[in-house]
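**Student:** Sequence:
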Amino acid sequence: MEKGDLYEFLKIDTTSAKGKGEEGAKFLVDYMTDHGIEARLIRHKAVNPYVVGELNVGAERTLLVYNHYDVQPVEPLDKWNTDPFNPTEKEGKIYARGVADDKGSLIARLQSIFELKKEGKLKVNLKFIYEGVEEIGSPNIEDFLEDYKDQLRSDYVLWEGAGRGPDNSPEIVLGVKGLLYVEVRDKTPKDLHSMYAPIVRNPAWELVNFLNSLRSDGKVNLKGFYDRVRWLTEEEARLMKGVKQEMESSLSQSVPENFMRKLVEEPTCNIAGLYAGYTGEGSKTVIPSYAFAKIDFRLVPDQDPEEVLKSLLSVIPQQFEVKVWGKVKPYRTSLKSEIASALISSARRTYNVDPSVLPNSPGTGPMEAFARILNNNQIADGVGVDNSSSNIHSFNEWIHVEDYLLAQRWMRELLLELGNMP
Numbered sequence: 001m002e003k004g005d006l007y008e009f010l011k012i013d014t015t016s017a018k019g020k021g022e023e024g025a026k027f028l029v030d031y032m033t034d035h036g037i038e039a040r041l042i043r044h045k046a047v048n049p050y051v052v053g054e055l056n057v058g059a060e061r062t063l064l065v066y067n068h069y070d071v072q073p074v075e076p077l078d079k080w081n082t083d084p085f086n087p088t089e090k091e092g093k094i095y096a097r098g099v100a101d102d103k104g105s106l107i108a109r110l111q112s113i114f115e116l117k118k119e120g121k122l123k124v125n126l127k128f129i130y131e132g133v134e135e136i137g138s139p140n141i142e143d144f145l146e147d148y149k150d151q152l153r154s155d156y157v158l159w160e161g162a163g164r165g166p167d168n169s170p171e172i173v174l175g176v177k178g179l180l181y182v183e184v185r186d187k188t189p190k191d192l193h194s195m196y197a198p199i200v201r202n203p204a205w206e207l208v209n210f211l212n213s214l215r216s217d218g219k220v221n222l223k224g225f226y227d228r229v230r231w232l233t234e235e236e237a238r239l240m241k242g243v244k245q246e247m248e249s250s251l252s253q254s255v256p257e258n259f260m261r262k263l264v265e266e267p268t269c270n271i272a273g274l275y276a277g278y279t280g281e282g283s284k285t286v287i288p289s290y291a292f293a294k295i296d297f298r299l300v301p302d303q304d305p306e307e308v309l310k311s312l313l314s315v316i317p318q319q320f321e322v323k324v325w326g327k328v329k330p331y332r333t334s335l336k337s338e339i340a341s342a343l344i345s346s347a348r349r350t351y352n353v354d355p356s357v358l359p360n361s362p363g364t365g366p367m368e369a370f371a372r373i374l375n376n377n378q379i380a381d382g383v384g385v386d387n388s389s390s391n392i393h394s395f396n397e398w399i400h401v402e403d404y405l406l407a408q409r410w411m412r413e414l415l416l417e418l419g420n421m422p
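Read in order, the letters of the sequence shown correspond to residues 1 to 422 in the UniProt record's numbering.
Read the hints as simulated data drawn from the structure, not as lab findings. Computed from a prediction, not measured in an experiment: that's the story for all the values here. One thing to keep in mind: the hints can contain errors.
[Said to hold, decoys possible] Here are the computed lysine to any residue pairs in the SDA-like style, where the Cα-Cα straight-line distance is at most 20 angstroms:
| no. | residue 1 | residue 2 |
| --- | --- | --- |
| 1 | Lys241 | Trp231 |
| 2 | Lys327 | Pro198 |
| 3 | Lys187 | Lys223 |
| 4 | Lys26 | Asp78 |
| 5 | Lys121 | Leu416 |
| 6 | Lys187 | Gly273 |
| 7 | Lys336 | Gly419 |
| 8 | Lys323 | Glu307 |
| 9 | Lys244 | Ser389 |
| 10 | Lys18 | Leu211 |
| 11 | Lys123 | Arg409 |
| 12 | Lys190 | Phe320 |
| 13 | Lys223 | Asp304 |
| 14 | Lys336 | Asn270 |
| 15 | Lys190 | Ala293 |
| 16 | Lys118 | Val29 |
| 17 | Lys45 | Glu142 |
| 18 | Lys11 | Lys26 |
| 19 | Lys149 | Ile373 |
| 20 | Lys310 | Leu145 |
| 21 | Lys11 | Asn391 |
| 22 | Lys327 | Ile287 |
| 23 | Lys190 | Ile287 |
| 24 | Lys20 | His35 |
| 25 | Lys241 | Glu257 |
| 26 | Lys223 | Ile316 |
| 27 | Lys262 | Ile287 |
| 28 | Lys18 | Ser138 |
| 29 | Lys11 | Glu23 |
| 30 | Lys18 | Pro73 |
| 31 | Lys284 | Trp205 |
| 32 | Lys284 | Leu211 |
| 33 | Lys241 | Ser341 |
| 34 | Lys117 | Arg409 |
| 35 | Lys18 | Glu115 |
| 36 | Lys262 | Ser252 |
| 37 | Lys294 | Asn270 |
| 38 | Lys323 | Ser341 |
Turn these sequences into a full structure, and let the hints steer you where they fit.
**Tutor:** Put into structure tokens, the structure is as follows:
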């Protein structure tokens with residue numbers, strides 16, 4: 001299919017962290033309207049408007065399609081080999097910011113819908129929600145869903161777009177990890193000469209000692225941290241695929257043999273940022289008056305970020321300041337759900353191989369909010385254009401042209417499958 005529309009969309013800077021996205025939202029409304037889909041902007045507390053749409057063909061079932069049109073910042077620009085907002089195709093690859101996450105999947109899906117509509121073969125109604133602030137944590141998504149839940153009611157939800165996994169097979173993801181993101185700070189009235197180290201408190205040491213206490217041998221030490229973890233069944237673990245060599249190539253690091261299971265099943269405690277003291281050129285013998293760390297916990301079903309936060313606060317030194325930056329609950333759809341079955345069958349027909357099925361993503365998104373507020377437990381991810389080496393959130397983001405075309409075919413097969421459900 002024509003890639004020109006995708007390229008026009010990729011040229012629009014929709015970096016939500018910089019307050020950009022309005023032009024991209026308007027592009028989508030015009031694009032959908034021009035192809036017979038009712039679409040409009042909804043300005044609802046967020047930096048960028050939501051785009052919602054509907055295509056009713058009088059079918060018994062309705063699929064809600066979720067994507068986001070915002071992208072990550074492109075910096076550092078000097079690391080890009082091409083202009084990130086001027087899509088470049090070479091050697092069968094397309095390079096641009098957002099081509100893998102998430103504009104490529106968004107447009108590929110729409111183009112398949114346009115084609116089926118034109119052919120008169122659509123047997124499932126469609127609703128659309130395109131978000132413009134996903135890359136800054138979807139801060140208003142729950143309020144939005146509450147206010148518009150009647151308009152967004154559906155039988156199934158197709159998430160933003162998993163493409164190919166580390167073994168190059170199509171990837172289907174039935175859930176997401178949750179998140180607790182906190183910042184901890186320690187300070188004293190002023191910097192001091194390091195000769196006073198025997199008699200005064202050093203915030204840097206205080207922070208380092210605390211961080212070291214959070215983990216032992218890769219396991220999180222918080223009380224009750226693992227009590228509610230829903231460990232994978234053998235059937236769930238068996239359906240996941242992964243090639244160690246491919247993953248190591250993608251990450252530029254070695255990984256354990258059971259890397260796929262660990263990625264999906266294990267909750268984490270990660271130091272995302274760390275700062276203290278003098279970091280300039282040369283030496284400065286100083287006891288820093290200020291130190292802070294940013295920590296993220298990736299949580300698995302059925303962990304609760306509120307419970308983890310409570311456990312964390314019980315061990316944080318009294319003098320530390322704590323700021324909570326984000327809390328998202330984990331979620332997992334049943335492997336026996338209709339949406340999982342439809343995605344698996346349609347992927348097999350499209351790629352002629354068995355897909356890799358992940359019970360949940362190693363990453364996070366507001367899937368639990370959709371399930372709870374829209375009262376819909378038929379939510380899954382697939383029909384995407386990316387691969388494990390696509391440099392999502394990094395420089396030189398790219399996809400294979402072939403994967404873009406295959407995602408269009410997969411969307412077509414999925415819609416036909418859902419339309420023929422008994």
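**Student:** Give a verdict on every hint.
**Tutor:** Status of the hints after comparison with the structure:
Between lysine 241 and tryptophan 231, the direct Cα distance comes to roughly 18 angstroms. Compliance with the 20 angstroms bound is thereby established for this hinted pair. Straight-line distance between C-alpha atoms of lysine 327 and proline 198 comes to about 40 angstroms, which puts the hinted pair past the 20 angstroms bound. With a CA separation close to 26 angstroms, the supplied pair lysine 187 and lysine 223 exceeds the 20 angstroms bound. Between the alpha carbons of lysine 26 and aspartate 78 the distance comes to roughly 30 angstroms, so the proposed pair goes past 20 angstroms and is violated.
A threshold of 20 angstroms between alpha carbons decides the hint, and for lysine 121 with leucine 416 the separation of about 8 angstroms falls inside it, so the pair holds. For the hint pairing lysine 187 with glycine 273, the CA-to-CA distance comes to about 17 angstroms; that is within 20 angstroms, so the pair holds. Of the pairs offered as hints, the one joining lysine 336 and glycine 419 holds, with about 18 angstroms between alpha carbons and a cut-off of 20 angstroms not exceeded. Restraint check for lysine 323 and glutamate 307: satisfied, since their Cα atoms lie roughly 16 angstroms apart, inside the 20 angstroms limit.
Under the criterion of a C-alpha separation no larger than 20 angstroms, the hint pairing lysine 244 with serine 389 is consistent with the structure, at around 13 angstroms. The straight-line distance between the Cα atoms of lysine 18 and leucine 211 is roughly 31 angstroms, outside the 20 angstroms bound, and the hint therefore fails. Straight-line distance between C-alpha atoms of lysine 123 and arginine 409 comes to about 16 angstroms, which keeps the hinted pair within the 20 angstroms bound. A distance of roughly 16 angstroms separates the Cα atoms of lysine 190 and phenylalanine 320; the hinted pair therefore holds under the 20 angstroms criterion.
Under the criterion of a C-alpha separation no larger than 20 angstroms, the hint pairing lysine 223 with aspartate 304 is consistent with the structure, at around 13 angstroms. The suggested pairing of lysine 336 with asparagine 270 is violated, with an alpha-carbon distance near 32 angstroms, which exceeds 20 angstroms. A threshold of 20 angstroms between alpha carbons decides the hint, and for lysine 190 with alanine 293 the separation of about 19 angstroms falls inside it, so the pair holds. The suggested pairing of lysine 118 with valine 29 holds, with an alpha-carbon distance near 19 angstroms, which does not exceed 20 angstroms.
Of the pairs offered as hints, the one joining lysine 45 and glutamate 142 holds, with about 11 angstroms between alpha carbons and a cut-off of 20 angstroms not exceeded. Restraint check for lysine 11 and lysine 26: the C-alpha separation of about 14 angstroms stays at or below 20 angstroms, so the hint holds. Taken as a hint, the lysine 149 and isoleucine 373 pair is honoured in the structure, with Cα atoms around 7 angstroms apart against an allowance of 20 angstroms. Distance restraint check for lysine 310 and leucine 145: the Cα-Cα separation of roughly 27 angstroms exceeds the 20 angstroms cut-off, and the hinted pair is therefore not satisfied.
Straight-line distance between C-alpha atoms of lysine 11 and asparagine 391 comes to about 18 angstroms, which keeps the hinted pair within the 20 angstroms bound. The straight-line distance between the Cα atoms of lysine 327 and isoleucine 287 is roughly 34 angstroms, outside the 20 angstroms bound, and the hint therefore fails. A hinted pair counts as satisfied when its Cα atoms are at most 20 angstroms apart, and lysine 190 with isoleucine 287 qualifies at roughly 9 angstroms. Annotation: proposed proximity of lysine 20 to histidine 35 is violated, straight-line Cα distance about 25 angstroms (limit 20 angstroms).
For the given pair, lysine 241 sits about 12 angstroms from glutamate 257 by alpha-carbon distance, which is consistent with the 20 angstroms threshold. With a C-alpha separation of about 13 angstroms, the suggested pair lysine 223 and isoleucine 316 falls inside the 20 angstroms cut-off, and the hint holds. For the hint pairing lysine 262 with isoleucine 287, the CA-to-CA distance comes to about 39 angstroms; that exceeds 20 angstroms, so the pair is violated. With a CA separation close to 15 angstroms, the supplied pair lysine 18 and serine 138 stays within the 20 angstroms bound.
Restraint check: the Cα-Cα separation between lysine 11 and glutamate 23 comes to about 11 angstroms, which is no more than 20 angstroms; the hinted pair holds. Annotation: proposed proximity of lysine 18 to proline 73 holds, straight-line Cα distance about 8 angstroms (limit 20 angstroms). Straight-line distance between C-alpha atoms of lysine 284 and tryptophan 205 comes to about 17 angstroms, which keeps the hinted pair within the 20 angstroms bound. Restraint check: the Cα-Cα separation between lysine 284 and leucine 211 comes to about 24 angstroms, which exceeds 20 angstroms; the hinted pair is violated.
Proximity of lysine 241 to serine 341 is assessed by CA-CA distance (about 17 angstroms); at most 20 angstroms being required, the pair is judged to hold. Among the hinted pairs, lysine 117 with arginine 409 is consistent with the structure: their alpha-carbon atoms are about 14 angstroms apart, no more than 20 angstroms. The suggested pairing of lysine 18 with glutamate 115 is violated, with an alpha-carbon distance near 35 angstroms, which exceeds 20 angstroms. Of the pairs offered as hints, the one joining lysine 262 and serine 252 holds, with about 18 angstroms between alpha carbons and a cut-off of 20 angstroms not exceeded.
As the CA atoms of lysine 294 and asparagine 270 are separated by approximately 9 angstroms, the hinted pair is consistent with the 20 angstroms bound. For the suggested pair lysine 323 and serine 341, the alpha carbons sit about 42 angstroms apart, so the restraint of at most 20 angstroms is broken.
Of the numbered hints given earlier, the model fails hints 2, 3, 4, 10, 14, 20, 22, 24, 27, 32, 35, 38; all others are met.
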